[in-house]
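Undergrad: Spelled out from the first residue to the last, the chains are:
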Amino acid sequence: MVEVINHHSHAAITDLHARYSRKLLGYFIRMLNHDTELAQDFVQEIFLKILEKKHLYDPSKKFYTWIFTIASNMCKTEFRKPFSTSISADEYELTTRAGLGEDLLEKQRFNALLEKSLQQLELHHKTVFVLRYIELFSLQEIAEITDTSLGTVKSRLFYATRKMTAQLKAYDPRYENNLFKMN
Amino acid sequence: MDPLLNPEEIRLLELLESKDFDALTAEERVFVATQLPAAEYVLQRRILTGIDRQEDEIPQPRPLALPSEKSAIPLLRRTVPLYQAVLAIAAVWTCFFWLWPNERPADMPQQIVSADTIPTSSAQAEQTPQIVHDTVVRYVPVYQSTGKTPQQADLPESFQKADNYQATSAVLRGTELRSTLPLSALTPENIATSGTSLKEDQLSFLVPDIRDFQRR
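Protein chains in written order, with our numbering: chain A, 1 to 183; chain B, 1001 to 1216.
Since the hints were made in silico from the structure, they are not lab data.
In this text the structure is predicted, and so the values were computed from the model without any measurement.
Which residues of chain B face chain A? A few of them, derived with a C-beta cut under 7 angstroms, are:
hint, residue
1, L1005
2, L1013
3, L1048
4, I1051
5, I1058
6, R1062
7, L1064
8, L1066
9, T1079
10, P1081
Built from N, CA and C at the ideal position, the CB exists for glycine as well.
Let the sequences and hints guide you as you build the complete structure.
TA: This is the structure we're talking about:
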């Protein structure tokens, strides 16, 4: 990164692209509701932004954290445009496929619901959830990326998980039954 | 905005992130039971750990398309540090006053023109004053004592017979001179009033006599 800052060399930015582009693409795909084309555009754009804003980089901090800060801000800007998704009752049946084992089916079904409930979270909840449990950042790093306090990050994680739990319970009666039994 | 977590909620979050329900100690299970049902703990734990990272499903990113090295970033999209912008503005400001200093000669002629005259000949047009600039000049009046009081000889003819006091007053009321009659015009014929006096008026009985009021 220091080389990019100092020499603005294409070789260095290409190297950064090779190192981080896939990770960023995965993040963008998830944050942009699985719009792969838009996510590909965002990956291109983020590397141009790195060249533009190279003077804003603080070498005392991790480059990986900084690049995700830019990515997070890009998603925030994008999400100001309204969109809507919702889990329909049909989604519940969508993942049932013939020929798969019961466990695998159940796992796929659960993952599909989980993914849908993640897409329904508000942006600030979704951001911390993805950064924590998918990109595996530490709480402190998430606080830096989202420019918030550690307490806020914990709070957002806690309530994001609660909201997802409520949605999954509503669409999977088994959890309601289990809760009833255990109570 | 989410409220900040209390210590119990923070502990619960830490447990959710670190341990399955089966791995909890007896004390931790009791603590969890005070916060939420065990099935919900299991579900939340599954949400946190079970989300599919789908790394193999992420497609290959497109090759990076960089603009040419010389014009990597368009001029209008280029960003500069704040101090450079401030320095640039200061430099422009300095150059401006260096090239066009804000000075005007003290003896610069000023002509104030009334624009209601239309020249009818070329000679008149040449004589027509031109507007030099549109600066509004505030004239500061300076009063100078001439050390001379108006004398009778300085007065208009019509006032030569009046005394000094009257003449001075008349001069100070210069604008009134034009509407003042000369003394020679003040003949009995000219100053005679016209109309009927109250004493001779037949309708005077309608006017109340103020002497009646005074008596009361």
